[in-house]
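Trainee: Given the coordinates of chain A, assemble chain B onto it according to the supplied hints.
Sequences listed follow chains A and B, in order.
Here the first sequence is numbered in our numbering, starting from 238 and rising by one per residue.
Here the second sequence is numbered in our numbering, starting from 10 and rising by one per residue.
Do not take every clue at face value.
[Claimed, not checked] Calculated from the model, a selection of chain B residues having no Cβ within reach of chain A, i.e. all distances over 10 Å:
1) 13
2) 23
3) 54
4) 66
5) 138
6) 152
7) 162
8) 188
9) 205
[Unchecked claim] With a cut-off of at most 30 Å between alpha-carbon atoms, the simulated DSBU-like pairs for lysine-lysine come out as follows:
10) 348(A) to 321(A)
11) 297(A) to 156(B)
12) 341(A) to 457(A)
13) 463(A) to 438(A)
14) 408(A) to 438(A)
15) 387(A) to 328(A)
16) 321(A) to 156(B)
17) 438(A) to 328(A)
18) 348(A) to 156(B)
For the record, the hints were derived by calculation from the structure and aren't laboratory data.
Quantities reported herein were computed from a predicted structural model and do not represent experimental measurements.
Think of the CB as a built atom: it goes at the ideal place given N, C-alpha and C, for glycine as much as any other residue.
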Amino acid sequence: MSDEDDIVLSELDDEELVQQMHDDLYDGMRPEIEEATHILLDRGWAPYRVLTEALVGGMKIVGEDFRDGILFVPEVLLAANSMKAGMAILKPLLAETGAPTIGKMVIGTVKGDIHDIGQNLVTMMMEGAGFEVLNIGINNPVDKYLDAMKEFDADILGMSALLTTTMPYMKVVIDTMVQMGIRDDYIVLVGGAPLNEEFGKAIGADAYCRDAAVAVETAKTFMARKHNQMSA
Amino acid sequence: MTTPPHLDDDRLTEKGLAPKGAGRILVIGCGALAREILAILDRNGLSHVDLRCLPAILHNHPDRIVPAVRTAVAEADGYDRIFLAYADCGTGGLLEAAAAELGVEMLAGPHCYAFYEGTPDFLARDEIDAFYLTDFLARQFDAFVWKPLGLDRHPELREAYFGNYRTLVYEAQTDDPALTERARDCARRLGLAFERRFTGYGELATALETLDRQ
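This is chain A alone, in the form it adopts within the complex:
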């Protein structure tokens, strides 16, 4: 039974509703996000606008507070699950309405490593930002990366690792790309808890991304540079 303090989402105006969605994402309230997503669509919002203003905008706040040590992994996961539920509603509509695509990315956790929380977050945030993403999962040997990059016609390769014992495998993948003469055909981004910028440089990646939001911004910057080079 509803309590008199309960917020009725359908009674909020657009601005209040988007603000409420940011709060609900922050609190990991999945049913409320699903309901509000439907309300905005029913009010005639374009799916892309719901995605960027309500969902991505909300996750940006979550990402910033995670970076600042205000939120922790469990809270980020709950927020991500809520955003995922909203995206599940929007995805088919985005495909129909031809939302802009910024670039294509293959992402996966390296061989010997089964941790995929980080790369799943990156996948979601990249999709939210307008990238097409092929997530090839966990424990990927070099051949699986290379095949996926070719088949998907990727612009970007993202590699993830949680363990200090598995992160050196990223260099194996990059070295293989160098040997094959295809290294410069791709933007290579790496991430994962034990990595740092120094490691990213040492293995020959284009950039180390400390979190999903940074991955999105970095990917956008590199894609813009790529387009500029092509048109020059």
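Mentor: Using the frame of chain A, we list chain B on its own:
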């Protein structure tokens, strides 16, 4: 047998163990190894070896291990020699580099799971989908796993964390049926198969026993 207050698990997790301040050799170790190290020292009569343990919870924050070890080495006064009872422990080689710089020895291998079992055997198994507990971690499962991952508040996140794991391997340092049951229950809570592997003190004992001859 009741546990002496200084070896209480919660205390070892949050505060570690202070040295007695006597002995020629100081072992600086992880609080998760305190009881085991003292047992090894005791059974070998290594009364010239003192022990200081850093808070075991650093296990969950590898980036804090090297600064804590540096401070502990700087504070060690009056010892002829220092030995670090740490493996790499997720520091990505930074602890090894710091130990070399400080002129102190340390344990080989990636983690306590490796040196308890024997690092070559552990690495040869290449069990990428195993989640490990030791005696200490089985006793402190809630403090090290369940609560920090938010599973006490949000059990629905279990799949996100452990969906790719298959087995919980309990590396037993001692024969303790009650602790084995506790570890089995941890596996059940995580939705994983259970395997108990008796390791004893493994390479931790081998390394500390050499302190007798030096």
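Trainee: It remains to establish, for every hint, whether it holds in the given structure.
Mentor: Now for the hints, and whether the structure bears them out:
1. 13: 34 Å, holds
2. 23: 18 Å, holds
3. 54: Residue 54(B) clear of chain A: closest Cβ-Cβ about 36 Å, beyond 10 Å.
4. 66: 15 Å, holds
5. 138: 6 Å, violated
6. 152: 15 Å, holds
7. 162: 7 Å, violated
8. 188: Label holds. Min Cβ-Cβ 27 Å, cutoff 10 Å.
9. 205: Its Cβ never comes within 10 Å of chain A, the nearest being 22 Å, so this holds.
10. 348(A) to 321(A): 26 Å, holds
11. 297(A) to 156(B): Given pair residue 297(A), residue 156(B) holds - Cα atoms ~26 Å apart, limit 30 Å.
12. 341(A) to 457(A): 11 Å, holds
13. 463(A) to 438(A): Holds, at about 20 Å.
14. 408(A) to 438(A): 10 Å, holds
15. 387(A) to 328(A): 24 Å, holds
16. 321(A) to 156(B): Satisfied, since the Cα-Cα distance of roughly 24 Å is no more than 30 Å.
17. 438(A) to 328(A): Violated, because 35 Å separates the two Cα atoms, which is more than 30 Å.
18. 348(A) to 156(B): Roughly 29 Å separates the two Cα atoms, so the pair holds.
Consistency note: the structure conflicts with the earlier hints numbered 5, 7 and 17.
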